[in-house]
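Visitor: Each chain, written out:
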Amino acid sequence: MNYISKLIIATITVLIAAPVNAYETADEWYNHGKQTLKQALENVHNKKHAKNVILFVGDGMGVSTVTAARILEGQRRGEAGEENVMSFEKLPYIGLAKTYNTNQQTPDSAGTMTAMMSGIKTKAGVMGVDQTVIRADCASSLGKSVPTLLEQAEEAGLSTGVVSTARLTHATPAATYAHTPERNWEDDNDTPASEIAAGCKDIASQLIDFNFGNGIEVAMGGGRSSFMPNTETDPETGVHQGERLDGRDLTMEWTEKYPNSAYVWNKAQFDAIDPNTTDHLLGLFNRSHMEYNHDNPQDLGGEPTIAEMTGKAIDILQKNEKGFFLMVESGRIDHAHHAGNAFRALDDTIAFAEAVSIAMDKTNVRDTLIIVTADHSHVFTIAGYPTRGNPILGKVVSNDSSGDSSGIETLADDGFPYATLGYTNGQGFGTSGDMRTIGRQDLTMVDTTLEGFHQEALVPLGSETHAGEDVAIYAGGPSAHLFHNTVEQNYVYHVMRFALKRKLGW
Amino acid sequence: MLLVASGYSIAAETICVDDATTFGVSYTTDWQLSGHEKEPARIHNHETNKKTVDLEFFAKTGKVAYLLPEKNVAEAWIKQPKNQLVFLRAFPDENRGIEYTYGDLLSLNVNLQWEQVKRPFLPLQIAKLELLDESVDQCGKLETRKGIVNGQKTIVTWYPELDIVKYRLVNDKNFRVETRLSGWKNKAESLASFDKITAMPTMDFADIGDNEADPFVAKMIRQGFVAHVHADGNVSYPGGHQH
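Protein chains in written order, with this note's numbering: chain Y, 321 to 826; chain G, 2 to 244.
If we strip away everything but chain Y, and leave its shape as in the complex, we get (with noise of 0.2 Å):
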């Protein structure tokens, strides 16, 4: 049995699984919504401690893009899409999390990644330090780091892993091991001398620097650049340098420092990697950010999917009697929203879900603690009237006088159609790479469902942006039950440290 079917009573089971318009009467809602109470109050609370403890973080993944990407995970099965159940939806906790910053209304990814791995929230643009550092300051950053889970449970002789389809020195996946007062020192090279004078690292040096247990067993993710020197050329594209000024190639030293180690680039070489036989990898799949999801296949080396990453950290760490912890980060569906284009957005959204649903399959709820959350939100919205099953990617179709869909698109005051998905703020219509197009478009020859449609915006800006609003956390496994209200982001780090009490002390 896995993860979820452990975790599930079975009456639920049965109505996840049931084909779309199954409990469509009056009758069958009324029984869907006793057997979810049923099942509420079969569910008993796990109390053990966890041996194994996974983070799950989608970038910017707010509540609407849950939503909108559950709809269209549903909808690209040929259902309706409303009633679908993305795989972390099945968790049986949930709870909200206030994103804040210490000094951001709205936060970015570094200070709210901090929160969740170290206990503290801090400022915006800082990661594993406190809030009384100033932004790119080295010298008022130092003394001032703050411990991470990652950092503790390999102190504790866990194994860790790290895996991101972002860089593997962006905020979100960096805040598990490094400390600085700027999240784009990602290498020397972004680093000014005189901070690095003053004694800060950057942080891809920091992550092969890494001096707690016995080292960082699983990297995989994306920002290979960072880790080559500048006097080499990418393996991948054969027409980029690596960026590092100091002459250190930190994917061979890696493979130097570990015993049993490996470091890959590409998919072929991912896929030849086994598990049994090794101990500390390191994948580095693209120069930047690994592809979106939906460009995967024309990446030119070839990369793993988040779900396959997922799952081959999971066959490396559990070798480890004690456990793991390990975070796994979908950094696209940020990026893809401040781009503005939903498609994508969701498409990563559901490509995560997926990832969330194979570590699930290799776990066991009663020792393994998983949380799925997002960092923050984005001025994503689902708006309008559409019919049941309207294409989420589509143009809002309203339903009649009688309740049935009118069948035609519904016009906004100006006489234009409008899409069902859109953004407060961004770049704005576009079908093209022109994309400064300010104002209401007339969508009516525009197929919006397309990978390339960008959304409207209301407020015109270079970039669209996050969104201050709370974010779900969804949990199953030891200590699941403590996430149940709205809480301070930095309560996750608190629940993951308590379900790791044995291991790691209290």
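Among these hints, one or two may not hold up.
Derived EDC-like pairs (lysine to aspartate or glutamate); straight-line CA-CA distance at most 20 Å [to be verified]:
id: 1; chain 1: G; residue 1: Lys83; chain 2: Y; residue 2: Asp554
id: 2; chain 1: G; residue 1: Lys64; chain 2: Y; residue 2: Glu552
id: 3; chain 1: G; residue 1: Lys154; chain 2: G; residue 2: Glu131
Which bits of chain G does chain Y cover? Going by a derived footprint, with three or more residues having C-beta under 8 Å, they are [claimed, not checked]:
id: 4; region: 75-84
id: 5; region: 100-110
FYI, nobody ran anything at the bench for these hints, they're computed from the structure.
A quick note: this is a predicted structure, and the numbers were derived from the prediction, not measured.
All residues carry an ideal CB built from backbone N, CA and C; glycine is no exception.
Since the structure of chain Y is provided, determine the placement of chain G on it from the hints.
Guide: This is chain G only, laid out in the frame that chain Y set:
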């Protein structure tokens, strides 16, 4: 001969290309509005309705760069395997740039081929225009062609073996655009220019959203430099792209 009619020729002492794979050219473009249409914002000049814009173009195997000295911006296209492109917009005054990876371009719905970006002034379309004249000058074989490009009457004299325009006149009912090749850059000059453009620290387009507090990013967003990548590859310079 049309070139004579235009009153333009390259000085006899001009050195053309010492390496056909690595070279540069300079252009001067004169805009003149003749109708009542609102002129393009980027060349707006109420007093004269005229503007002269300079463009420098550099080519290297698998790389091209367009430099607009007036705007102090350089735009480079780099060809990766499988004909995938990377776009770089660099700002020499700031010594920084923004890189659009192939995936970033796809997310912006910009899916260009190398043939579309490797030279200025849309050579693929020029090659389809009616051939009027063939000649030779000290820089090589020349062709003069005329026809409609992007809906506008165009006459072009170019070096077809280099895909380089020597002279171009675009006449529209509302404006007249005349472009002249004003000089050549040799291999050493071109390489130096590429090094200057590509050595600047860059930020990925995907990271813009996380860095709006960065004064450089904020400035570039305000000036419209962040999202604006033309889908036909002839980017921000007047004369290269006309709507």
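Visitor: Run every hint past the structure and note whether it holds.
Guide: Quick rundown of the hints versus the structure:
1. G:Lys83 with Y:Asp554: Holds. G:Lys83 to Y:Asp554 sits at ~15 Å (cutoff 20 Å).
2. G:Lys64 with Y:Glu552: holds, 18 Å
3. G:Lys154 with G:Glu131: holds, 12 Å
4. 75-84: Holds: 5 residues of the region 75-84 of chain G have a Cβ under 8 Å from chain Y.
5. 100-110: Check passed, 10 qualifying residues.
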